[in-house]
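Colleague: Residues per chain are reported as follows:
Number of protein chains: 2
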Amino acid sequence: MSPRVLAALSRPTIGHLDPEFQALMEDIKAALQRLMGAPDHACIPLPAPGTAGMEAAIMNLLEPGDRAVIAVNGAFGGRMADMAGRAGAEVVTVEDEWGKPVDPAKVEEALKAAPTKVLAFVHAETSTGARSDAAALCKLARQYGALSIVDTVTSLGGIPVDAAAWDADAIYSGTQKCLSAPPGLSPFALSKRAQAAIAARKEKPRNWLCDFGLLMSYWGGEGGRTYHHTAPINALYGLHESLVLLFEEGQQAAYVRHARMHEALAAGLEAAGLKLLVDAEHRLPQLNAVLVPDGIDEAAVRTHVLKAWDLEIGAGLGPLKGKVWRIGLMGASATPWHVRLCLTALCEALAAQGFKVNGAEVLKAADAKLA
Amino acid sequence: MSPRVLAALSRPTIGHLDPEFQALMEDIKAALQRLMGAPDHACIPLPAPGTAGMEAAIMNLLEPGDRAVIAVNGAFGGRMADMAGRAGAEVVTVEDEWGKPVDPAKVEEALKAAPTKVLAFVHAETSTGARSDAAALCKLARQYGALSIVDTVTSLGGIPVDAAAWDADAIYSGTQKCLSAPPGLSPFALSKRAQAAIAARKEKPRNWLCDFGLLMSYWGGEGGRTYHHTAPINALYGLHESLVLLFEEGQQAAYVRHARMHEALAAGLEAAGLKLLVDAEHRLPQLNAVLVPDGIDEAAVRTHVLKAWDLEIGAGLGPLKGKVWRIGLMGASATPWHVRLCLTALCEALAAQGFKVNGAEVLKAADAKLA
Chain A
1 MSPRVLAALS RPTIGHLDPE FQALMEDIKA ALQRLMGAPD HACIPLPAPG TAGMEAAIMN
61 LLEPGDRAVI AVNGAFGGRM ADMAGRAGAE VVTVEDEWGK PVDPAKVEEA LKAAPTKVLA
121 FVHAETSTGA RSDAAALCKL ARQYGALSIV DTVTSLGGIP VDAAAWDADA IYSGTQKCLS
181 APPGLSPFAL SKRAQAAIAA RKEKPRNWLC DFGLLMSYWG GEGGRTYHHT APINALYGLH
241 ESLVLLFEEG QQAAYVRHAR MHEALAAGLE AAGLKLLVDA EHRLPQLNAV LVPDGIDEAA
301 VRTHVLKAWD LEIGAGLGPL KGKVWRIGLM GASATPWHVR LCLTALCEAL AAQGFKVNGA
361 EVLKAADAKL A
Chain B
1 MSPRVLAALS RPTIGHLDPE FQALMEDIKA ALQRLMGAPD HACIPLPAPG TAGMEAAIMN
61 LLEPGDRAVI AVNGAFGGRM ADMAGRAGAE VVTVEDEWGK PVDPAKVEEA LKAAPTKVLA
121 FVHAETSTGA RSDAAALCKL ARQYGALSIV DTVTSLGGIP VDAAAWDADA IYSGTQKCLS
181 APPGLSPFAL SKRAQAAIAA RKEKPRNWLC DFGLLMSYWG GEGGRTYHHT APINALYGLH
241 ESLVLLFEEG QQAAYVRHAR MHEALAAGLE AAGLKLLVDA EHRLPQLNAV LVPDGIDEAA
301 VRTHVLKAWD LEIGAGLGPL KGKVWRIGLM GASATPWHVR LCLTALCEAL AAQGFKVNGA
361 EVLKAADAKL A
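Chains as they are written, first to last, in the UniProt record's numbering: chain A, 1 to 371; chain B, 1 to 371.
Be aware that a few hints might be false.
Which residues of chain B face chain A? A partial, calculated answer using Cβ under 8 Å [said to hold, decoys possible]: (1) 49; (2) 50; (3) 51; (4) 184; (5) 216; (6) 229; (7) 232; (8) 338; (9) 341.
A few chain B positions that, by computed beta-carbon distances, are all more than 10 Å from chain A [unchecked claim]: (10) 37; (11) 83; (12) 133; (13) 165; (14) 192; (15) 213.
Note that these hints are calculated values from the structure, not bench results. Small disclaimer: the values here were computed from a predicted structure and weren't measured. A virtual CB, placed ideally from N, CA and C, is assigned to each residue, including glycine.
With these hints in hand, go ahead and build the complete structure from the sequences.
Modeller: See the structure below:
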């Protein structure tokens, strides 16, 4: 987190219907529209972690009997399929290997097979570090008359997210990744087309907290604000400050910074003799899944790095459990200092297990990309 | 908010799977058990505002075809009925006038009529300031083989909540009322009996984020923690600090303080010629619904008090819209200073509309109760 975001969290709590707070709500909505490239979408922060955005998208756009095509190439696609089943939808999953992007050809095949209400996929798979082609997948959805749901939890703020250019229908994210605000809120965008689909529903969404119509009666702001939930005031102060920080730097500048830090980290990892899980062309700069070398106790490496360097490296999930480490370079942690710290800590932990690695060479390789 | 709670929000964010954070999670669970009088319940804070607790209780305990009896004596009973319908339940509402407590005789009649899975009611109606008899209502639920759901959003920390003594099955609350932490979390307790009922469900709960089994795979802590949602770390720092503050004061001392501040406020209001909506025996000390005198522009009073005194008074909801003001004396705002501030501001705003009131007499009446 940026110290400015942490400081913002401590501002005095005011009422969720206070006019001063309502001005802040409007600021946040406008900032999210800009960040998501969504000038015509309704953009609001949901009052719960990123998963709430996923649930809001699924539960508002699907009702019993609807067909949903869900691309699964990691942990979060699987989660969407689970939720769509709870919404009463007929769920068709399109599977790709963990670490690979979603294959548009397979998705098209699934869309062709029957009329489909929703195509859902993950833009940036946090469990693998793979980036899928959001523009191509949203285009397929349009072509076959489906609404698109795009998970941008890990992408937003780190790589471009452009709802208008993609013509995406529902986009959601989290605050704790590249926005560097604490976890607990889920930025959410919905197209006019998706809003019309909700208005035409036969039954109410199965989730009250994430019911878009009720949410907008509070967040919409036209014709006054009707109480729905009590907005998490202080968390929203933090999100607001993180958006101010991002626009101070500039969105494009932030994307370039993430890309550069990734290149430096990747160069250092390569110099250490380590390999990344994902092919270069589909890699996310902000989430680096590193293959655990043979004979290395991966949990011991994470524990060492956490205890000796106060640095947390993520474990592998699902089929990648024990096989990869996941290194985040997100928002305020995408800096040269963090890249060097991480490489230093990782080399030390590997060396402690007898892995041959020359820390000086590793840092030199990373520094060459930072020059 | 207490300054200590606000300061806690700014502590450095650590990972939601970090061992240090997991120790904090265990502390919070134990503190909630103590606060809710629920040593044998599973107690966790849900990562969203109080409504999430309501949704978790309804969606986990009800499935399609179940009969639910829901007592409605204000805005929040109505919300529970809406949610129960979304869960697919057969919903029977038992209505009482807004401002009155739930009538156990009517509830018994509804329970008698057919086998019932759940009885749900609001302990402390935030929309009216009425307190219902939780012990009697939970006892009725047991008698007729139903599980009880008790909304304690406004009661927890302000008046006794005793899950074990009531033999209540699901209890939920919010952090922004008498706990004086920012909005955004929902303390939640579930009995062993309710957990067994969830284990016996025929289909999955319709809400993924509030799915109790999934929540406990992260919060349960036995056999390790499986990632479900990303816990709102900084908000949980705030909740933890608010619980520390409450136990420093002592639960009983906090209840006595709320009762005393209410008596002082009520004496001042009476001296001002104002009346409370709720009969004395069913009043909540922490939520005082004041009847708007004839000829007074109630919105203008609230605006005056907010602009001139930085003090927010709540408006009436539903059938009470325009008819009452709602004055909270909760947690850190249940102090003699707040009582005097509120009475002073209210008298000034009323006088500005030509209402005859002697501010000095009003404060004297309040002070007599504070001596």
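Colleague: Verify the interface restraint on residue 216 of chain B: the C-beta must sit less than 8 Å from at least one C-beta of chain A.
Modeller: 16 Å, violated
Colleague: Does the no-contact call for residue 83 of chain B survive, Cβ to all of chain A over 10 Å?
Modeller: Violated: least Cβ distance 5 Å, not greater than 10 Å.
Colleague: Was the hint right that residue 229 of chain B lines chain A, CB cutoff 8 Å?
Modeller: 5 Å, holds
Colleague: Hold the hint about residue 50 of chain B up to the distance rule: shortest CB distance to chain A must be less than 8 Å.
Modeller: 7 Å, holds
Colleague: Closest CB-CB distance from residue 37 of chain B to chain A, is it above 10 Å?
Modeller: Correct as stated: the minimum Cβ-Cβ distance to chain A is 25 Å, above 10 Å.
Colleague: Just checking, residue 165 of chain B versus chain A, shortest CB gap more than 10 Å?
Modeller: With a cut-off of 10 Å, residue 165 of chain B remains clear of chain A, as the shortest Cβ separation is near 28 Å.
Colleague: Just want to verify: residue 192 of chain B was marked as not at the interface with chain A; is every Cβ pair farther apart than 10 Å?
Modeller: Residue 192 of chain B is indeed farther than 10 Å from all Cβ atoms of chain A, at 25 Å.
Colleague: Is the interface hint for residue 51 of chain B satisfied, with its Cβ closer than 8 Å to some Cβ of chain A?
Modeller: 5 Å, holds
Colleague: According to the definition I'm using, a residue is off the interface if its beta carbon is farther than 10 Å from all beta carbons of the partner; does residue 133 of chain B meet that for chain A?
Modeller: Its Cβ never comes within 10 Å of chain A, the nearest being 26 Å, so this holds.
Colleague: Against chain A, run the beta carbon of residue 49 of chain B and see if the smallest gap drops under 8 Å.
Modeller: At 5 Å from the nearest chain A Cβ, residue 49 of chain B passes the 8 Å test, so the hint holds.
Colleague: Would you check whether residue 338 of chain B satisfies its interface hint, that is, whether its CB is within less than 8 Å of any CB in chain A?
Modeller: 15 Å, violated
Colleague: For the hint on residue 341 of chain B, does the least C-beta distance to chain A fall short of 8 Å?
Modeller: 15 Å, violated
Of the hints listed earlier, those the structure fails to meet are numbers 5, 8, 9 and 11, in rising order.
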